[in-house]
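Peer 1: Residues per chain, in single letters:
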Amino acid sequence: MGLQVKDVVLELGDGDAQITALDHVSFGVGAGELLAVLGPSGAGKSSLLAVCGGLRHPTSGTVVIGGKPLMAMNDSQLTRLRLQSIGFVFQQSNLISSLTSLDQLLLMVHLAGRRPRKADRDHAMALLNSVDMGHRANRLPDQLSGGERQRIGIARALMTKPSLLLVDEPTSMLDQVRGHQIVALLNEQCHQHQVAAVMVTHDVSMLDAADRSLHIVDGRIQEVAVSATN
Amino acid sequence: MFLAWRDLLFAKGRFLLMSMIIALVAFLMTLLSGLASGLIKNNISGLMALDVTNLAFEYNDRPNYRNSMVEREMWEGWRNAEGVVAAEPLGHTMFTARTPEDLPLDDVVLWGVEPGGFLEPDVLLGESLKGPDDGVIISALLANKHGVKLGDVIVLDRVLTKLTVIGITSEQNIGHVPVIYTPIRKWQEATYGPPGGPPPGEVLPDILFDYASVIALQLAPDTDIETVDIAWGTVTMDKQSAYEASSGYKEEVQTVKMIQGFMVVISALVIGAFFTIWTIQRTQEIGLVKALGGSNAYLLRDTMGQALILMILAVGVGTFLAVWLGLSFEQSGKPFMLVKDNIAGSSGLLIVAGLIGSMVSVRLITRIDPIIALGRTR
Ligand SMILES: Nc1ncnc2c1ncn2[C@@H]1O[C@H](COP(=O)(O)OP(=O)(O)OP(=O)(O)O)[C@@H](O)[C@H]1O
Ligand SMILES: [Mg+2]
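If you read the sequences in order, they're chains F and P. Under our numbering, think of the first position of the first sequence as 0, with each following residue one higher. Under our numbering, think of the first position of the second sequence as 44, with each following residue one higher.
No lab work stands behind these hints: they were computed from the structure. Where hints are given, some of them may not hold.
[As the list claims (entries may be wrong)] These stretches of chain P come out as covered by chain F in the derived footprint (C-beta under 8 Å, 3 or more residues):
1. 45-58
2. 335-345
3. 368-375
Beta carbons are placed, not taken as given, at the ideal position from N, Cα and C, and that holds for glycine.
The following block holds chain F by itself, in its conformation from the complex (with noise of 0.2 Å):
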């Protein structure tokens, strides 16, 4: 279970301006596994969770989340899949300006089509909660800081129970104090859910936290090691 990519090449752009973004890119990920992906600018770190994540088709290769391989899947089935099996993190803000904290997880129901019903809201407190958040449920994202956005946005991608989190540069805006917290945090939520975390990252310091790291260099891992802390 979890994520498994293999042999994966994603070429971009054309002509000239053709460039490999991945290079035969090989790893797994089990669940309630965090990953750390570290590599310098133009690496490949985005371009690794676009494909893991179904926003982009690589040229050549496979990816299967949960058990299901993406590569037959059109757009509108990346869609779904998305939705019901993956919890994305992105960098910084990224919320919807005018849903309150609590609605932003709720936003996730209302995707799926659904109404939330009292459980959801409940599994949304809770999860609230657990990122130290409760207090902020009714607040708009303009009346949140840095950190407390991260901290929402973490629990919005475990709202749907995903069995893979994708995690693009969660600290990039923090300072450090806060970027520890939230990397701590993220760390403790994917033990606690058992979801397989893929942890993209330029920041050293933040390895302790996973349980593996991944280096990758020109769309090519250089090596595979094994977190200190573990």
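Starting from the known structure of chain F, arrange chain P with the ligands on it as the hints suggest.
Peer 2: Just chain P with the ligands now, kept in the frame of chain F:
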């Protein structure tokens, strides 16, 4: 509709501004619709009140009431034709009239109808034309405006025919001129006879009474109009087309329709522009929702729903205010009339125009790539 409502509340100011524009357009549309109905009523209420299906004019490329003249054998021919339920002559002549005290009554259209026939109007006051030979039924508007009462005598200028007011009917006009009704013989006398009536001791020749202006018809639906028209040298119009033979009617209706058409197009464009800008501003958030697993269908339903809410609320408010103002217009006797169906029609048209305008965002929304939710991919 979850996001749509939250966005509406969140961006209140912008949506309010937009609603005000739409409400204003709806307000004007409703007033225009009232004006159109009012003008139509003011122009042709006399025709509308006739219990006929068709009118036959003397043959002419562009038939109108003033230059049409039909003979007895024509209306009798029509009366005996197949499918004709009833046919009666109708006389139409414009006069200026006075009271015996020489107070002008302005222009009136004298209609000659057969006493007791189906063309006779219902009277609000007084009696029908079956009474005296020189009786006349006048419209309430004329009576109120000039203080004419039952029993008063009015004199037609030029021909000096005297008519006694025996009945008052509701306001009936043709070509914006009030209609007064008299027995057809009196009409023939006034129209074709010598001024002041026959010389003392003489009678008017019978031939005078063999002419009228048009033939009013009650036809069965499958009447072979063309054949009868050819046989009697007439050209027959249905009631709706007969309206257009009244002067000014076509132009007035077309002008109002054109203004309304422009307003519908303007609304569609304004709404289109609004939703285009609104969608472009939200590109990042729409990409985010798609990345989270929101389908195009969900986002489109949301946007169209938003447009529908906006249109219904704004059009509702604008129409309500216009009806409120229109009621006072109606009471003040201006050519203004609120017709429920017409108002509902023009409001409905506006809402549809708004929805069509908002559809420009469909393409914009479907083209947004969810990958923009990932930071610094480009
Ligand atoms: N749409 C695109 N068309 C062509 N090339 C692209 C496109 N998007 C990204 N690239 C290129 O692909 C390579 C990998 O980009 P990617 O965004 O995955 O890097 P990254 O590791 O996320 O970098 P950063 O840390 O700066 O975000 C880069 O060389 C980039 O210029
Ligand atoms: Mg990147």
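Peer 1: With reference to the structure, classify each hint as holding or not holding.
Peer 2: Hints versus structure:
Residues of the stretch 45-58 of chain P with a Cβ under 8 Å from some Cβ of chain F number 7, which satisfies the need for three, so the listed coverage holds. Residues of the stretch 335-345 of chain P lying with their CB closer than 8 Å to a CB of chain F number 6, which satisfies the three-residue condition for coverage. Coverage of the stretch 368-375 of chain P by chain F is violated [criterion: at least 3 residues with CB-CB distance below 8 Å; count 0].
Consistency with the previously given hints fails for number 3 only.
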